[in-house]
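Participant: Given the structure of chain Y, go ahead and fit chain B onto it with the hints provided.
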Amino acid sequence: MENMRIHSKCIRAVVLIVLVAMTVYGCYKTLMWKSTADNHLQVYDQLDNTPTNTIDVVFVGSSHVYCGIYPSVLWRDYGIASFDLAVSAQDRQSAYYGLKELLKTQSPKVVMIDLYNFKYNVQEDRDNKYRNLFALKYSKNMIDLVNHYDAEENLDKKPFYTRFPIIHTRYKSIEKYDFKQNKANLYCKGEYYTWNTVAWSEGAEDGYSKTEERYDLDAADLQWLQNMKELSEEKGFELIFMVLPAGLEDYIQRPVNSVSDWAEKNGVAFYDFNKRRSEIDLLTGDNYYDYNHLNGKGAEKVSRYIYKNVLSQYGLKDNRSNSLYKTWDLDVKQMEHEQLAWELEHVDNIKDCLDVLAKSEDMVIVYGLSCDMLENSNYTEILGKYGLTPVSESEEEYWICVENKLYAIDKCQATKGYNLDLSDTDTLHIDITKANPQERVMLNSSAEGGSGTGLCILAYDKFLERKVAHLEF
Amino acid sequence: MLFNSIDFIIFFPIVVLMYYIIPKKMRYIWLLIASYYFYMSWNAKYAVLILFSTAVTYVSGILLGKAKTTASKKWIVAFSFVMNLGVLGFFKYFDFLLHNLNKVLQAVHITAVDNPFSFLLPVGISFYTFQALSYTMDVYRGQIEPEKNFLKYALFVSFFPQLVAGPIERSGNLLKQIKDMEKKSMWNYEGAASGLIMMLWGFFMKMVIADRIALFVKEVFENVYRCGTVETVLGAMAFAVQIYCDFGGYSAIAIGAAKILGFDLMENFNAPYFSESIAEFWRRWHISLSFWFRDYLYIPLGGSRCSRVKKYRNLAITFLVSGLWHGAAWTFVIWGGIHAIYQIIGDLLKPVKAKCNEILHTNTQVFSYHFGRVCITFLLTCFAWIFFRAKSMSEAMYYLNRMFTRWNPWVVFDESLFGFGLDRREVGILIFAILLLILVDLLRITKKESIGAFVLRQNLWFRYAVIVFLVVFIIVYGEYGVAFDSSKFIYFDF
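Residue numbers (the working numbering), protein chains in the order written: chain Y, 1 to 473; chain B, 1 to 494.
It should be emphasised that the hints constitute simulated quantities derived from the structure, not laboratory data.
Here a beta-carbon is modelled for each residue, glycine too, at the ideal position from N, C-alpha and C.
Everything hinted at is true.
Calculated pairs, EDC-like style, for lysine to aspartate or glutamate (alpha carbon to alpha carbon, straight line, at most 16 Å):
#1 Y:Lys104 - Y:Asp48
#2 Y:Lys157 - B:Asp7
#3 B:Lys176 - B:Glu145
#4 Y:Lys172 - B:Glu426
#5 Y:Lys137 - Y:Asp45
#6 Y:Lys9 - B:Glu190
#7 Y:Lys29 - Y:Asp45
#8 Y:Lys172 - B:Asp423
#9 Y:Lys158 - B:Asp7
Partner residues aside, some chain B positions facing chain Y, computed with beta carbon under 8 Å:
#10 Arg425
#11 Leu460
#12 Tyr464
#13 Ile467
#14 Val468
#15 Val472
#16 Val476
#17 Tyr480
Extracted from the complex, chain Y is given alone in its bound form:
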């Protein structure tokens, strides 16, 4: 009897420990820093979701890499399976241990490492420090990274080992993607998609460093370079150092020059793409989204250039017909949808808008027109040219376009309100009986109806799971 009681208490204690551990783990997953680029995309989650031993090329670095090289372009155009192992302001130790972490599940043939942050020894931005030190999951590499982190002197390591003392403060900024996995993490390959441009003033080129001076590499610098070389020899990949197009200043260019000397002496390939901007056709502002980062247009050019001038010599296989590489196809789809979304954000007339929408897939589009506008304008004629004619006649005001078919909200539905679940968190609700025209179309609690004086278009991309346009003409 006594034994049974002890036994039962032991079981209860174990159950409690498991319950507490599961709850603490749940809290950890919710509060954990999620983005490697301030966008709820986490490159190491994307790596985990990439099938084992499928990546042939890895690009390692900071925001210059995830902005400047698109694996989706390399896949779409050449069938090369690549990956951007890039974190905002990635320091060199994060690069080294992050690469070691990747090499646990992947066997790339080529690894190209951007040297912008080679001497990045000041992490001024707290969030970037956390992004780098929390990017890796709990592992020996994570412990080693914290131990060898040389971007900050006298780093207090304990909170980084235990993580909770830092991450728990995120309860102040919890968002949807802290509870729900960002779908893009299932298939993206580390890129940051944007096509924004920067106003490029003449002479902007002159701001980039042209110094040929060198910087004396110290013992720590040489050790890191040697570690990378030994890693490449141990794991059998081709190590290449590079500098991507970015606004390097003299204090960054000097160590880069020194590393290029070291690379030459040690038989490691080195490419300074920054000096080849003219050749890559990157001399205008529409290739950059700020003075230091390329946009999608620039990234496409750089990606193609890297393939033609670097990767093509390594006999990398075209895997486009291999079903194991489905996630790269989805990554391409992600890029195309993001590009479409960007284009929609920047249209300023109805024709361009409808041209873009005509290319779209997986969209739910709501067109709103008031009855008197119907009679007194040529909107129906315009919409008709795009194959958008009402399937059913209605005197009411709203239509929904789903898979390119325009459905009128009939009276019955209008009085009840029309609901459509767009994703597992977003719902479209249309109620044309509302006095306020803006509230006639609701996306969750956000009023998306127009002012009632023109054609209002609300577009929701079901693949991206977000609203991509809310326009009024």
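Facilitator: The following block gives chain B in isolation, referenced to the frame of chain Y:
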């Protein structure tokens, strides 16, 4: 090491695990090593002081056991007191005395004296000194036999859960349990479970409530110039909550930790803000210290078994000394003095109050009567806390000036209160946590049991839910980590 630190989270389970693995007769040695390690993590050099206090009171105990005459016993007690209070006085009050001496010298145009020393106040010196002295007195009074085993006695003085901020234990309780360690059962499941819940509740009080509300208190007290009645009253009330949760939380952790190790420490807080009078408040607040002063100062002075004037004199002395014990500053003395005045006036007004109740036909059995008394007592303690919190008399007087001369009720509605260190979200969390605290204290006074005992009586699902809830709330909403100042417990300066 602080209780709310990674070091303690690692230290404590190792101590507990080893404690239950090693043979029973060696356990006290292990606890003694752990206690000294705990103390030396603050500053290794100050272990000499606790060792000194231990040695003096141990020897005093032995000598008291051998002494034949009352006179010689009194000399031994005096020796123990002088040595211990001398050390305490030197480390704690030297600066204060010198500062006041220099003020006097300045007033008569004499050059101030330089302070030749520079040292930090040893953590917990007020607590372990009083604990050791209580042993001397208990042996003197014949309430306990002198302890012959030096190591067991050293453990009594240095027992780590209560070493640096109490409860100030009595030899009749803690030393007795240490002596009886070998008779304890191998493992007390209920004790450990109850202790764990107490510890979690203590962390909740300290990390979720005390450290959070401290941000508001700090903003108010450091920016009194922009405060009016509303902010200053709220600031005083907030400090009342802060000091209760800080100190009460520490005590709960200490009692819980001791319970896990199989020791029952005395209760230190018993829902003090539900007191209906200041006298009752001191039976519920920092109970171990109040009882110490009652047994070793107030009663020896004559207590209340003397004329009214002497009784009030004894009260005043006790509370003034208690104030001084809390800190080497006149504000603490004033704070103690205010409590003495409260009690004296309360005693004087007893017949007046009774007469008023009779004339007004006040029903003293109803909720409103008791609620009113609780509110008044709380407000009186909050007023006194202003002096406790203020860094100087002038700061305290300025605070009161703002409280009584800047009537500004509109700040309740214009959201400017959210500019005092806590935004809406933080205030929401605080209010929820304080409501929980009130609920727990209400349970305490109605059920007369600790939260640990109460939860342990409930069904399994409820016990698990409470534990999981506390763990989650502490690790998510606790004020700790690199983004916050992991503030040490307030009473560590005593």
